[in-house]
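Visitor: Going down the list, the protein sequences come from chains A and D.
Mapping of the first sequence onto numbering that gives the first Met the number 0: residues 0 to 151, in sequence order.
Mapping of the second sequence onto numbering that gives the first Met the number 0: residues 0 to 284, in sequence order.
By construction, these hints were calculated from the structure, which means they are not laboratory data.
Values in this document were obtained by computation on a predicted structure and should not be read as measured data.
Do not rely on the hints blindly, as some may be mistaken.
In silico DSS-like cross-links for lysine-lysine, where the CA-CA straight-line distance does not exceed 27 Å [stated by the list, open to error]: (1) A/Lys-150 / A/Lys-87; (2) D/Lys-241 / A/Lys-69; (3) D/Lys-262 / A/Lys-87; (4) D/Lys-204 / A/Lys-79; (5) D/Lys-227 / D/Lys-194; (6) A/Lys-122 / D/Lys-256; (7) D/Lys-134 / A/Lys-69; (8) A/Lys-47 / D/Lys-265; (9) D/Lys-262 / A/Lys-122; (10) A/Lys-69 / D/Lys-262; (11) A/Lys-69 / D/Lys-194; (12) A/Lys-69 / D/Lys-265; (13) D/Lys-26 / A/Lys-87; (14) D/Lys-241 / A/Lys-79; (15) D/Lys-148 / A/Lys-123.
Partial list, computed: chain A residues near chain D (C-beta under 8 Å) [what the hints assert, rightly or not]: (16) Ile-38; (17) Arg-65; (18) Arg-72.
All C-beta atoms in this analysis are idealised placements derived from N, C-alpha and C, irrespective of residue type, glycine included.
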Amino acid sequence: MLDMFFIDVYTDNTVYIRYIQLRMKAMHISISNTSEMPIYEQIYNQIKAQIMQGILLEGEALPSIRSLAKDLRISVITTKRAYDELEKDGFIYTVLGKGCFVSKRNMDLIREAHLKEIEEYMKKIIELGSVIDLSQEEIIEMFNIMYEVEKE
Amino acid sequence: MNAIEVGNLVKKYPGFKLDNVSFQLPKGYIMGLVGDNGAGKSTTMKLIMNSIKRDSGIVKVLGCDNTSKSFVNVKEEIGVVLDEALFPEVLNAKQVNNIMKHTYKNWDEDRFFGYMDRFSLPLDKAFKDYSRGMKMKLSISVALSHKSKLLILDEPTSGLDPIVRDEILDILNEFTRDEENSILISSHITGDLEKICDYVAFLHKGKLVLCEEKDAILYKYGVVHATKSEFELVPKNAIVSKRETPYGIDALVFRQKTPKTVKVEKPTIEDIFVFMHKYREENYK
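Using the sequences provided together with the hints, build the complete structure.
Guide: Structure (structure tokens):
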């Protein structure tokens with residue numbers, strides 16, 4: 000296992016954990032008990048983000064389901080569900096008896112997923128725009144201004 | 000494989016009946032038994048250990064029927080802790096070690112003294128002079144020191160201060176790092192169970208009301224605090240039970256059936272338990 004040690008900090012409602020890997024990159028996970036988001040989704044999102052951002056590299060070992068659950072003091076079933084979802088969506092793979100590893104990133108698939116998500120947001124924008132009678136041009140103009148601001 | 004399998008378990012006492020209780024605890028997981036006083040938690044645990052005889056039903060522990068002859072060997076792998084630790088009053092920890100050495104085939108002396116050290120339990124002090132917390136820590140140390148694969152804990156954290164309770168939960172958490180190890184634990188300190196359990200089972204008046212994965216339960220239900228007019232937005236089939244005060248309504252609801260416009264808070268196991276029993280009964284009176 001690549002995690003050499005971890006630091007965990009308990010605040011009121013959040014458990015925070017950091018696995019330091021051999022190349023000194025840290026995998027962070029924090030679980031908020033007050034969040035509306037189910038715990039497995041919190042884990043799923045954070046690991047996925049760290050894979051996409053390249054903090055976790057292809058072939059790198061993830062902490063075992065059991066040790067992550069016990070370190071975070073959460074249910075093993077919940078942790079397993081997060082890993083199952085990650086595996087189903089192709090972000091990690093399991094080697095029986097060895098553990099879970101980060102998959103080779105399939106950029107096309109990830110791109111596809113993101114395009115889909117962007118479409119969803121756009122649909123929402125159009126819906127919301129029609130509620131207050133915003134024209135297509137006005138939305139595009141708004142978007143262009145936002146884009147300028149964000150890119151600066 | 001299941002660590003514990005209970006099927007249609009029945010036990011009758013005058014004035015109490017454990018009624019057709021069935022559940023499974025898969026190996027490697029922790030199940031919490033929640034229930035009010037007299038709900039049947041201790042009875043269930045005693046029936047699992049076959050220390051009282053069941054009227055009917057099936058109990059299998061670590062794959063073995065608990066009325067069969069080979070259950071004696073299985074008992075070696077079960078650590079039991081009752082809410083009152085029972086060791087002869089005059090014995091100290093060293094003497095307890097000597098007795099256990101001759102009781103359990105797999106007694107691990109080093110591990111036992113390791114726990115004594117970790118819990119800072121004095122070795123020469125007589126058991127009767129231990130505090131309640133120390134007594135409990137000693138019982139848990141004994142339960143963990145004979146290579147147990149299953150712990151059955153009846154109210155191990157009741158009457159203990161928050162720091163000792165947390166320490167005990169840590170040990171239990173650590174015990175189940177090994178996927179061979181399982182725990183059945185009862186408590187009415189539901190917060191403790193919420194911290195460590197994978198599954199939660201609710202017992203009420205001898206009946207198993209609910210037995211599900213903990214996080215699934217916590218996500219299935221929600222708590223709503225609303226004024227009467229806000230509460231009208233909640234459909235009837237979403238309400239599990241409610242409590243009305245002159246100032247508004249508190250209710251336990253099914254999250255999925257409640258409209259998004261109503262603010263639903265995350266419940267605790269305690270919320271769910273109290274709403275399901277106390278207010279539900281009041282609602283139907």
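Visitor: Now tell me, hint by hint, if it's right for this structure.
Guide: Structure-based check of each hint:
1. As the CA atoms of A/Lys-150 and A/Lys-87 are separated by approximately 34 Å, the hinted pair breaks the 27 Å bound.
2. Our distance criterion of 27 Å between C-alpha atoms is broken by D/Lys-241 and A/Lys-69, whose separation comes to about 35 Å.
3. For the hint pairing D/Lys-262 with A/Lys-87, the CA-to-CA distance comes to about 32 Å; that exceeds 27 Å, so the pair is violated.
4. As the CA atoms of D/Lys-204 and A/Lys-79 are separated by approximately 34 Å, the hinted pair breaks the 27 Å bound.
5. As the CA atoms of D/Lys-227 and D/Lys-194 are separated by approximately 34 Å, the hinted pair breaks the 27 Å bound.
6. Between the alpha carbons of A/Lys-122 and D/Lys-256 the distance comes to roughly 25 Å, so the proposed pair stays at or under 27 Å and holds.
7. Note on D/Lys-134 and A/Lys-69: the hinted pairing holds, with a Cα-Cα distance of about 26 Å set against a maximum of 27 Å.
8. Pair hint A/Lys-47 plus D/Lys-265 holds up; C-alpha atoms about 25 Å apart against a cutoff of 27 Å.
9. Distance hint between D/Lys-262 and A/Lys-122 is fulfilled; the C-alpha atoms sit about 25 Å from each other, no more than 27 Å.
10. With a C-alpha separation of about 31 Å, the suggested pair A/Lys-69 and D/Lys-262 falls outside the 27 Å cut-off, and the hint is violated.
11. Between A/Lys-69 and D/Lys-194 the alpha-carbon distance is near 11 Å, which keeps this suggested pair within the 27 Å criterion.
12. Annotation: proposed proximity of A/Lys-69 to D/Lys-265 holds, straight-line Cα distance about 22 Å (limit 27 Å).
13. With a C-alpha separation of about 24 Å, the suggested pairing of D/Lys-26 with A/Lys-87 holds against the 27 Å cut-off.
14. A distance of roughly 34 Å separates the Cα atoms of D/Lys-241 and A/Lys-79; the hinted pair therefore is violated under the 27 Å criterion.
15. Annotation: proposed proximity of D/Lys-148 to A/Lys-123 is violated, straight-line Cα distance about 53 Å (limit 27 Å).
16. Taken as an interface hint, A/Ile-38 checks out: its beta carbon lies about 6 Å from the nearest beta carbon of chain D, inside 8 Å.
17. For the restraint placing A/Arg-65 at the interface with chain D, the shortest Cβ-Cβ distance is roughly 6 Å, inside the 8 Å limit, so the hint holds.
18. Because the smallest distance between the Cβ of A/Arg-72 and any Cβ of chain D comes to about 6 Å, under 8 Å, the interface hint for this residue holds.
Comparing the model with each earlier hint shows violations of hints 1, 2, 3, 4, 5, 10, 14 and 15; every other hint is respected.
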